[in-house]
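Trainee: Line by line, the protein sequences give chains G and W. The numbering of the first sequence is the numbering used here, which starts it at 1 and goes up by one. The numbering of the second sequence is the numbering used here, which starts it at 1 and goes up by one.
Note that these hints are calculated values from the structure, not bench results. One should not assume that every hint holds.
One copy or any two copies: either way a pair holds, since identical chains are not told apart in the list.
[Said to hold, decoys possible] DSS-like cross-link-like pairs, simulated, lysine-lysine; straight-line CA separation at most 30 Å: (1) K39 x K245; (2) K39 x K429; (3) K39 x K422; (4) K129 x K30; (5) K25 x K184; (6) K189 x K90; (7) K250 x K189; (8) K272 x K235; (9) K123 x K30; (10) K184 x K91; (11) K90 x K184; (12) K90 x K30; (13) K235 x K184; (14) K26 x K123; (15) K422 x K123; (16) K409 x K250.
2 protein chains.
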Amino acid sequence: MNIPLSSYPRIVIIGGGFGGISLAKKLREKEVQVVLLDKNNYHTFQPLLYQVSTGGLEPDSIAYPLRKVLIGYENFYFRLAAVNEVDPNKKIIYTNIGELTYDYLVVATGAETNFFGNTEIEKNAMAMKSIPQSLNLRSLILENFEQALLTDDYHERDALMNFVIVGGGPTGVELAGALAEIKKGILPKDYPDLDTRRAQINLIQSGDRLLDGFSDRASKKAEDFLEELGVQVWKGVRVTGYNGKTVTTKTDLVFESAAVVWAAGVMGANIKGLDSEELIVRGNRIKVNEFNQVIDFPDIFAIGDIACMFSEDNPRGHPMVAQPAIQQGRLLGDNLINLIENRPMEPFQYKDKGSMATVGRNKAVCDIGRYRFQGVFAWFVWMFVHLFFLIGFRNRMVVFINWVYNYVKFDREARLIIRPYKRDYSQFKD
Amino acid sequence: MNIPLSSYPRIVIIGGGFGGISLAKKLREKEVQVVLLDKNNYHTFQPLLYQVSTGGLEPDSIAYPLRKVLIGYENFYFRLAAVNEVDPNKKIIYTNIGELTYDYLVVATGAETNFFGNTEIEKNAMAMKSIPQSLNLRSLILENFEQALLTDDYHERDALMNFVIVGGGPTGVELAGALAEIKKGILPKDYPDLDTRRAQINLIQSGDRLLDGFSDRASKKAEDFLEELGVQVWKGVRVTGYNGKTVTTKTDLVFESAAVVWAAGVMGANIKGLDSEELIVRGNRIKVNEFNQVIDFPDIFAIGDIACMFSEDNPRGHPMVAQPAIQQGRLLGDNLINLIENRPMEPFQYKDKGSMATVGRNKAVCDIGRYRFQGVFAWFVWMFVHLFFLIGFRNRMVVFINWVYNYVKFDREARLIIRPYKRDYSQFKD
Numbered sequence: 001m002n003i004p005l006s007s008y009p010r011i012v013i014i015g016g017g018f019g020g021i022s023l024a025k026k027l028r029e030k031e032v033q034v035v036l037l038d039k040n041n042y043h044t045f046q047p048l049l050y051q052v053s054t055g056g057l058e059p060d061s062i063a064y065p066l067r068k069v070l071i072g073y074e075n076f077y078f079r080l081a082a083v084n085e086v087d088p089n090k091k092i093i094y095t096n097i098g099e100l101t102y103d104y105l106v107v108a109t110g111a112e113t114n115f116f117g118n119t120e121i122e123k124n125a126m127a128m129k130s131i132p133q134s135l136n137l138r139s140l141i142l143e144n145f146e147q148a149l150l151t152d153d154y155h156e157r158d159a160l161m162n163f164v165i166v167g168g169g170p171t172g173v174e175l176a177g178a179l180a181e182i183k184k185g186i187l188p189k190d191y192p193d194l195d196t197r198r199a200q201i202n203l204i205q206s207g208d209r210l211l212d213g214f215s216d217r218a219s220k221k222a223e224d225f226l227e228e229l230g231v232q233v234w235k236g237v238r239v240t241g242y243n244g245k246t247v248t249t250k251t252d253l254v255f256e257s258a259a260v261v262w263a264a265g266v267m268g269a270n271i272k273g274l275d276s277e278e279l280i281v282r283g284n285r286i287k288v289n290e291f292n293q294v295i296d297f298p299d300i301f302a303i304g305d306i307a308c309m310f311s312e313d314n315p316r317g318h319p320m321v322a323q324p325a326i327q328q329g330r331l332l333g334d335n336l337i338n339l340i341e342n343r344p345m346e347p348f349q350y351k352d353k354g355s356m357a358t359v360g361r362n363k364a365v366c367d368i369g370r371y372r373f374q375g376v377f378a379w380f381v382w383m384f385v386h387l388f389f390l391i392g393f394r395n396r397m398v399v400f401i402n403w404v405y406n407y408v409k410f411d412r413e414a415r416l417i418i419r420p421y422k423r424d425y426s427q428f429k430d
Numbered sequence: 001m002n003i004p005l006s007s008y009p010r011i012v013i014i015g016g017g018f019g020g021i022s023l024a025k026k027l028r029e030k031e032v033q034v035v036l037l038d039k040n041n042y043h044t045f046q047p048l049l050y051q052v053s054t055g056g057l058e059p060d061s062i063a064y065p066l067r068k069v070l071i072g073y074e075n076f077y078f079r080l081a082a083v084n085e086v087d088p089n090k091k092i093i094y095t096n097i098g099e100l101t102y103d104y105l106v107v108a109t110g111a112e113t114n115f116f117g118n119t120e121i122e123k124n125a126m127a128m129k130s131i132p133q134s135l136n137l138r139s140l141i142l143e144n145f146e147q148a149l150l151t152d153d154y155h156e157r158d159a160l161m162n163f164v165i166v167g168g169g170p171t172g173v174e175l176a177g178a179l180a181e182i183k184k185g186i187l188p189k190d191y192p193d194l195d196t197r198r199a200q201i202n203l204i205q206s207g208d209r210l211l212d213g214f215s216d217r218a219s220k221k222a223e224d225f226l227e228e229l230g231v232q233v234w235k236g237v238r239v240t241g242y243n244g245k246t247v248t249t250k251t252d253l254v255f256e257s258a259a260v261v262w263a264a265g266v267m268g269a270n271i272k273g274l275d276s277e278e279l280i281v282r283g284n285r286i287k288v289n290e291f292n293q294v295i296d297f298p299d300i301f302a303i304g305d306i307a308c309m310f311s312e313d314n315p316r317g318h319p320m321v322a323q324p325a326i327q328q329g330r331l332l333g334d335n336l337i338n339l340i341e342n343r344p345m346e347p348f349q350y351k352d353k354g355s356m357a358t359v360g361r362n363k364a365v366c367d368i369g370r371y372r373f374q375g376v377f378a379w380f381v382w383m384f385v386h387l388f389f390l391i392g393f394r395n396r397m398v399v400f401i402n403w404v405y406n407y408v409k410f411d412r413e414a415r416l417i418i419r420p421y422k423r424d425y426s427q428f429k430d
């Protein structure tokens, strides 16, 4: 792979997400060679993907070039590469651009959408875990409304304006809220010749509450906010299929919809060679010890969403969100140096900084420590925290400008079909 | 096409560029029905496409939703449609979403890249007339540098870092200048393990001067600026082919390059049914009289790049830039009402507001009236004028922020491969 040999030990990091970047920053100016591999040349700020899908933000303002993160870092190498396999015994990584050996390997590959083996849903529903996927969803939403104008068939038109979001976690809740605001504020103006009141936003949750993992108060309030905005919340309903036209559920409830978003689960984005039964646990995550070390392989570490560390406070592993990744990345930076210099490693202690989700304008829910608050203040806290963790000054400025503009003007201007999604609408015809 | 019948005459505008939008705005609150058709749901600010290709601006900030332009316009209809054909005798437009009759038709379809029949170049070179094309070029540029890291072959690496821009008009000059600045300011930092000094930017012009149509002083100064920035300017060289690897010319000059941009010509984006020999002139433009009326069809008009109006000042038609389109659109708005109300139409008089092009930081050339100026002041004028004509307050803010950031930081952060272009590099291998 054309990485020069070095007298320092080589640490290979797979994945430039929150975990990978936090780790890389910690390794700066240490006596190591660092190779960062990612299949994209940018870091994605995943918590705001739903705003890209709904035209509130430009895709480029929630992405950040990985090469720029490493500017000025001596002995750091970035390679745009998709990893195909790892051989943990030979200590070799196989990628689409060649092989690479490592002294220490850090798997920070994050998570991907979990369709739980339902290939029909996987084929027909939209996922929202990457920028291209979010842009596809943006295009689809807009194309559906353009298409709705073209039909005289009421059923078809309703299906084209019917959103089904499967999964009542933060992603589902935030997307449903944003769509409800678009329905109210933008659709009637953009489509004066379409009865957009008939547009529906359905949020389907298999469990009996939204925002699993949040406090009861946050969960209840999020549901109230969604209902205020006109979202139809279905709890205790399990989706069983979607053939591109009809969503079926375990109950006799069905939905005809041209836009189904699957936000009902994620799983570790594991790599061949590290996916043996002994290494992984539920959700395709790699089991790690308190130092993020992979069982049986003291020179392989996993951090963030892909890693599953069991602890008393988190008997099922840490939540698959940014904070554990950032904190594990930082600690691992120190620990790798400890390991190399034969000092004992520090065990990871998760500092839960809380959870938050936004439903819409002035409507968010926050659980921070023992404080639970909802509404306008929570919404400002949500925005501040997201701006803070967004990488890059320019990105922050542009996102801030957009938010101010969207707030003042009740608008979302990036409703652009730059790359058409080109859905097949024929199945909606009789 | 589901457009309601109206007692008012129906004006159909094909194309939401500068001409189409200026016209639509003039028709607001008049006693007409207006249908705007465009194959995109947004207006593209073409003069800044090269900044998208070079990572200086986000694509979304130079696009503007066409539906938003028409918000609050009574009796206006937008349809996302690609026009296949016009039957000027039956007064019917055939599109991918059905047929539409018109009382008055305005063709404002603009221009497309002219490869002068060279299908090999068309297949292998990059064009830059739309946002997706500009994003493809952005991806390609970045992918080429990632690829350059992977080879030990000097020739291959040089070819991957060799830019060839064909065409010395404003687009070619501006793109070459931007690439030269990237080479100087960004590549060495982003690719410390690549000898980016070997990257070359070649600008090839078939004629004997750059910026045809500009003053001699502007032309000369632009060339000086480009040379200062390290661009290799080749004048009097006509490119004859590009097989994906080698650019051939009429001389014995050849270039090995993985990134060839064709900016050597545009032609009217004409429509089947209006492209008969009697109707069109050189460059595939539709011949119009002084009222922008198409010869023989008093109810069909053409404005902007697609229209060719011969006049004493412009014996070969007006330049294919924004100003004639805007001015013709505005006048035609009045003239259509004159025509409908049986008043005489006003002949078009082009007010040449001048020409400008930017080469780089503090380096632009302006010919405005009898003033010719170059350098820092010209650069500020260029920026101010472009911000002014950009549509939308939010777009202006975001572009302004980006420009200030880029200026202060010598940076262009949107160097993101969001949708890989996936060029086939195999031909560069031995």
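Trainee: When Cα atoms must be at most 30 Å apart, do K409 and K250 count as within-copy, between-copy, both, or neither?
Mentor: neither (42 Å within a copy, 56 Å between copies)
Trainee: With identical chains, the pair K39 and K422 could be close in the same copy or across copies; at 30 Å between alpha carbons, which is it: within, between, both, or neither?
Mentor: both (25 Å within a copy, 13 Å between copies)
Trainee: Using 30 Å as the alpha-carbon threshold, which applies to K272 and K235: within, between, both, or neither?
Mentor: neither (36 Å within a copy, 54 Å between copies)
Trainee: Taking 30 Å as the upper bound on the Cα-Cα distance, should K123 and K30 be classified as within, between, both, or neither?
Mentor: So K123 and K30 fail the 30 Å test inside a copy (46 Å) and across (48 Å) alike.
Trainee: When no copy is named, should K250 and K189 be tagged within, between, both, or neither for a Cα gap of at most 30 Å?
Mentor: neither (37 Å within a copy, 56 Å between copies)
Trainee: At most 30 Å between CA atoms: does that hold for K184 and K91 within a copy, between copies, both, or neither?
Mentor: neither (55 Å within a copy, 38 Å between copies)
Trainee: With identical chains, the pair K26 and K123 could be close in the same copy or across copies; at 30 Å between alpha carbons, which is it: within, between, both, or neither?
Mentor: neither (40 Å within a copy, 46 Å between copies)
Trainee: State whether the alpha carbon distance between K189 and K90 is at most 30 Å within one copy, between copies, both, or neither.
Mentor: neither (62 Å within a copy, 33 Å between copies)
Trainee: Up to 30 Å between alpha-carbons, please classify K422 paired with K123: within, between, both or neither.
Mentor: both (14 Å within a copy, 23 Å between copies)
Trainee: Within a copy, between copies, both or neither: where do K90 and K30 come within 30 Å Cα-Cα?
Mentor: This pair counts as within: shortest intra-copy Cα distance 25 Å, inter-copy 77 Å.
Trainee: Measure nothing new, just compare the shortest in-copy and cross-copy C-alpha distances for K39 and K429 to 30 Å and report within, between, both or neither.
Mentor: Between. Shortest inter-copy distance 23 Å satisfies the 30 Å Cα cut-off; intra-copy 39 Å does not.
Trainee: Given identical chains, is K39 near K245, meaning Cα to Cα at most 30 Å, within a copy, between copies, both, or neither?
Mentor: For K39 and K245, the Cα distance is within 30 Å only across copies (26 Å; inside one copy 33 Å).
Comparing the model with each numbered hint stated earlier shows that hints 4, 6, 7, 8, 9, 10, 11, 14 and 16 do not hold.
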